[in-house]
Each structure stands twice: as C-alpha cells, then as structure tokens.
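A.B. asks: The residues making up each chain are set out below.
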Amino acid sequence: MNADGAAWEQRSVARVVSPVQPRKLAKVPFVELADGRLQGVVSSGSDIARVYVSSITAGTHAFNCSTNNNRPCGGLYGSPCKHLQALAGEAVLQYGLDQVARYLHVEVGDGADLMSCLNGRHEPTPGAMVFSRFLRHLSYLELPGTTGPIAEMHWFPATGAIR
Amino acid sequence: MLGVQLAELLDGVPPGVGEALDLVTGFDDALVHGFARLSEERATALTSLAGALSATPLGGRVGEAAGKLAAGSVAEEHLTALAGGRAALFGAVHDALLARLDAVLGRVRVSWEEPPATPAPAADNLLSGCRSWLGELAITGWRGVDHDLVSASSQTIEALLPEPGLRRLAVLLDGLAAELRASCPVATVERLPARRWADLWTRALLLSQAGGLPGASESAGVVSGRLLILGVDVHEHGTAVQMQVHGILEPADGTPSRLVRTSVAAAKVDTIVGPALWRLLDGYPALLGALAGHRGLDVTDLPLLGSGDLVWHDDRARVGEPVDPFATARLQLAGALAAAVPPLDRHPVRIAEPVLVEGYRATADGTLDLGGGTLTVDVDRLPACGPLTPKLVASSSACIGLVRWDGGRWLLQPLAVQTTVKRQTVEVHTGDWALGPTDPKVVKAEARAGDAVAVLRERAGRLLRR
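Residue numbers (this note's numbering), protein chains in the order written: chain A, 1 to 163; chain B, 1 to 466.
No lab work stands behind these hints, which were simulated from the structure alone. Don't take each hint at face value.
As the list claims (entries may be wrong) - Straight-line alpha carbon distances no greater than 20 Å define the calculated PhoX-like cross-link-like pairs of lysine-lysine that follow:
#	chain 1	residue 1	chain 2	residue 2
1	B	391	B	422
2	A	24	A	82
3	B	444	B	422
4	A	27	A	82
5	A	24	B	441
6	A	24	B	444
Stated by the list, open to error - Pairwise CB distance ranges, derived in the manner of DEER restraints:
#	chain 1	residue 1	chain 2	residue 2	range
7	A	17	B	408	19 to 25 Å
8	B	397	A	47	56 to 62 Å
9	B	10	A	129	52 to 58 Å
10	A	93	B	359	41 to 47 Å
11	A	142	B	2	45 to 51 Å
12	B	321	A	142	36 to 42 Å
13	B	191	A	93	26 to 32 Å
14	A	98	B	2	42 to 48 Å
15	A	47	B	139	48 to 54 Å
16	A	123	B	128	38 to 44 Å
17	B	209	A	24	41 to 47 Å
18	B	465	A	129	16 to 22 Å
19	A	98	B	427	37 to 43 Å
Yeah, the Cβ is synthetic: ideal placement off N, Cα and C, and Gly gets one too.
Using the sequences and the hints, build the whole thing.
C.D. replies: In structure tokens, the structure reads:
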C-alpha cells in the first residue's frame, strides 16, 4: 500500500492473519499451531477409518503420536514416526518454515530440515483434545450455506491474487 | 467515472468527518487498554464522544455511560450505549461520504423505509453469551487478551454457527476471535489494528442485542426480471467465504432498473483457499454459471430487501443470453436506481459503489490517472480465486470496480478490466473461474494439490457421525 492515507492502526480493513498456503490435504488433513503445540491429524495409510493424532510441544519439543482411540502409534521407537515427519512437513508448507520454527522455539539453519533440528523425547499427551478440534474443524463443512447478505464480511476482503 | 468527477470526489473531506474520526480514535484507544482502569485522558476521550452526541436521542444514555465508566463502574448497558454512540458517529461519516459520492456520480438513491418488524431468531441465551464475552474483552482491553479469554468464545460461536438467522454474528465473532488468537498474547504485539478491532467489537455488540439482527426476509417484496452482472466482490476469512455479486436488475414490470447485490456464502476452513473456494458454492450452479460465462440471469420471485440485496434462490433463476458486463456498465450504470443502506449497516466499510472507469493512464505503483486526479487501486483486494492480478490492472484500459473508502481516502477495488494481450482486447473478471480455473497453469497446480473440499468432505463423512 502507498504511504499516504492514515496509519495502519486507523484502517478498518487491515490484514491481521495471513491466509495459509494451499497444500495437499489427503495425507495430513489438519495442522495447527495451537495450545503451545504443533499438532494435527494424519490419515492412516492402511485403514481408511483410522487417523493418527500427532503433536510436537513448543520449547521442549516433546512429541507424541497415537490413534484417535488413544492407542500409541507403533512407529514410535524413541524417535518421531512417519506421521510426525509428515505433520512437520505439511506444517512447513502451510505456514512457512519461519513461522513454524518460531512457534516451536527452534533454530533451523539454512537448508536444514525442521525435524532434524528438534531434540525432544517421546512424552504421552492426550490426543483426544486435538481430535475433537479436528472434528470441530470438519463440522464447518457440514454447515448449510446462506444467501442473506452478511454485511460484516466487508471487513474481510479476499486477498492474495497471484503477483 | 470521469476525471472531473474524480477531481470533485477528491476535493477535500466532507465537513465534520475528521472531527468524528478523532472522537472514534479516542474511544478505540480506550478499548486498547480496557475500560477497567481508564486513565484520565481516556476517560476524557469517552466524555468527548458523549458530548458530540449530546443533542441526539442517544445523548443521555451515552453521557451517562461515559460518566459511569470514568467513575470505574462497568455495566453491560453502558458498554452497549457507548457502542451505539461509536456506531452513530460512523453512521454519520458513512452518510456524508456516500452523499458526496452519489452527488459526484449523479447517482439517485432511494431513501430507507423501515420494514415491518419480523420475529428475529429467538436465541436469548446465545446472545447474552456473546454480550458477556464482548464485555470481558472491553473490560480487559486488547492489550490484556490472552489464549484463555479468546477460547472463552468458542462454545458460544459453535452454538451460533448452525442457526442461519444468527450466521452474521457467528461469522463476525469467529473472524474476530481468529485474529485475536493469532495475536496472542496481545500484550507483546508491536502494533494493534485498533480501529479494526473496535469496529468488529462494536458491530458484534450491536448485533447481539435482542432485535439487533434482522428477522427473516419473508416480509420483503419479491421481484422478477433480468439480472445483468457487473462483477463479483469476494469476502473471505479462515472459516467463511461470501461471493457478493453486483448487478443491475431490469424488473419485468417495467419499473426503472435498479442497482442490486446478491450474496451466497459458505462456511469453510482455512486450508480451503484460492480457486477451490468456488467448489464450496456448487449448490448455486445458475449464479456460478452466469459469472463464469458472462451471461445474464432471468429471475422469478426473488425477495428484494430494502438494502438492495436480492436474496438468492438458485432454483428461481435461469441462465440467459451472453451479456458483456462492460456493455452493462456503459449503458445502464449511470441511470440505475441505487438502494438505501440499512441504518445499522452504515459504516464506511460498506461503501462499495460500482463504477466504470476508462480513459486513464495506469501506473505500475497501482494508481489510475484520470486527468482530473489519481485514484489508488486497492490491489490487496484482488482475490486469489480469480484471474485478475495487479499486473493486469496496471496494463488495463478500462475497469469496472467498486469505489471504497478506508483509512481516510478513496480507493478503487477492481472487479474486471479490459486489457490488450497479444494485440487483442481481452476482458478479465474476478468471477471468471467460478466453474473452475481457465488458465492451464492454474488448472495444473490445482490438479497437483488435489481437491481440498472433496478430501475434507470425505473425512467429515467418515469421522463425524460415529
């Protein structure tokens, strides 16, 4: 934007949340930076009705992965399983490496891989909360559409045309 | 819009606008720090706001509220009164700006008629839940907002969302909560969108009053005729998208053509972005088909609200003949009758008046020089779900856009441009991809990424009902 006009603080329309980058959702349908963790849901490669809940805690980098029925993931042998690797990879696509690294409090050198820079240990954390947040996330897609004008959406313009 | 019209529009600010905005800025600053511990300076700002309204019907209540807050007592009714006062100031600013724009464009606008009262959705518990969260925010101030305070809104918003009559409020609160969450802890954030958050807070508090939301549209009159599309304005946050189509309705009864808007909206999640947004709206094939194919729509018995909003029913519309939006704009825009703005919607952010601009010199830094003055293009408002880019605007020779006002200046939001590609004149519209991208590069990228909407709908179908 140009420098003229009032300060950013005095604009009604100012971008506060950057839109996330598009990514394939098939393997990792849900990723978020919330509750002090990078957490999300990874679809099982073998059972279509099973998902894994994976998380990495900011600061300590403690990690966990379990099924939605709270059974520990069989791939966790003291080191992150393939679900955690997938979660981290998709988080970097969605939010960008800088934002994820900042959230987790980790230094990632030039060209380095996020997961190889973490030094946490496996620590069981309840996955039920993350799973219910995922279900709530999905429930948005079940809401009926509306055709009454939502005047409030004028505060939320779509942005981001390819530059 | 011609150069001389633009010159007139840009010639100074309507009287009183600067003073009104200064009062709002004082209020917004108080909200940054919270009403629980008002400094003397901020208490004075509230008193000044009340003083400006003293001769109005709101005067007594706002004055009392400012006094009580200055004395350290915060009650819901006082917050409501102050929100009403702030909204009234912005209403006056809106009216002054829109009157100036109408005068410059020669646009005739009908005056507002209050529709007969209709029963608003009964949701006393939910509305009081909203009010108490908004009250907590005001007492705490933006600077004091933490994760716990943001999360306190979750249950209420979750309960509001399924009720279509409360969707406006739900979508607004969800958007505000997401911004607060992303900024937590707010105490450490360098600069705050003070005006914006106060706007959202004010509107939410007014909508969550009993009777604050309009009732069902059944009482509105219905119209039939031909809808000629000018363009589509895309609104989006993490969990909502709205396509607002601007057009001209030629009523079948032979009454004068009207400027109308019609909107379709869907709930979504943050990972559905770009051209995939259109797939959420696949329940409106006629509207999307008309946008993508640049066609008119023959509509029958659509409710038309006093605000100029057609309430869309896709099954009452038939896709008609090809109609060039630029031809519609050239032939019909100047003479079409504009609709009134509902009193509660009067805020400058709602000013979105369609205009045709041509014969300008576009510059790379995003301005259009019309001879009489330069108009700044709001390139941030070009949506990723369509093909219109800042580069195309910069090389364009004609533009259909919405005139907007924010941050103390007039802006143009392009909806369509005419430009020259390989010595051929082409048109590019924000709605061109309503039935899917037409640019092979974008089609390929979309195919690589897979269908986000389908993936999530499958997951929802499998996991939600167990």
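A.B. asks: Within 20 Å, alpha carbon to alpha carbon, are residue 24(A) and residue 444(B)?
C.D. replies: Holds, at about 13 Å.
A.B. asks: For residue 24(A) and residue 441(B), compute the direct alpha-carbon distance and say whether it is at most 20 Å.
C.D. replies: 17 Å, holds
A.B. asks: Go ahead and decide if the range 26 to 32 Å is satisfied by the Cβ distance of residue 191(B) to residue 93(A).
C.D. replies: 28 Å, holds
A.B. asks: For the pair residue 123(A) and residue 128(B), does the Cβ-Cβ distance stay inside 38 to 44 Å?
C.D. replies: Holds, at about 41 Å.
A.B. asks: Range first: 16 to 22 Å. Now tell me if the beta carbons of residue 465(B) and residue 129(A) are that far apart.
C.D. replies: Given about 20 Å between the Cβ atoms, the range holds.
A.B. asks: Taking the CB of residue 93(A) and the CB of residue 359(B), does the distance hold inside 41 to 47 Å?
C.D. replies: 44 Å Cβ-Cβ, so the 41 to 47 Å window holds.
A.B. asks: Using the beta carbons of residue 98(A) and residue 2(B), state whether their distance is inside 42 to 48 Å or not.
C.D. replies: With a Cβ separation near 47 Å, residue 98(A) and residue 2(B) satisfy 42 to 48 Å, so the hint holds.
A.B. asks: Holds or violated: are the alpha carbons of residue 27(A) and residue 82(A) at most 20 Å from each other?
C.D. replies: It holds: about 11 Å lies between the C-alpha atoms, which stays within 20 Å.
A.B. asks: Do the alpha carbons of residue 444(B) and residue 422(B) lie within 20 Å of each other, as the hint requires?
C.D. replies: Violated, at roughly 23 Å.
A.B. asks: For the pair residue 10(B) and residue 129(A), does the Cβ-Cβ distance stay inside 52 to 58 Å?
C.D. replies: Given range 52 to 58 Å: holds, Cβ gap about 54 Å.
A.B. asks: Falls inside 37 to 43 Å, the C-beta gap from residue 98(A) to residue 427(B)?
C.D. replies: 39 Å, holds
A.B. asks: Starting from the range 48 to 54 Å, see whether the pair residue 47(A) and residue 139(B) falls in it by beta-carbon distance.
C.D. replies: At 49 Å between Cβs, range holds.
Violated hints amount to a single one, hint 3; each of the other numbered hints is respected by the structure.
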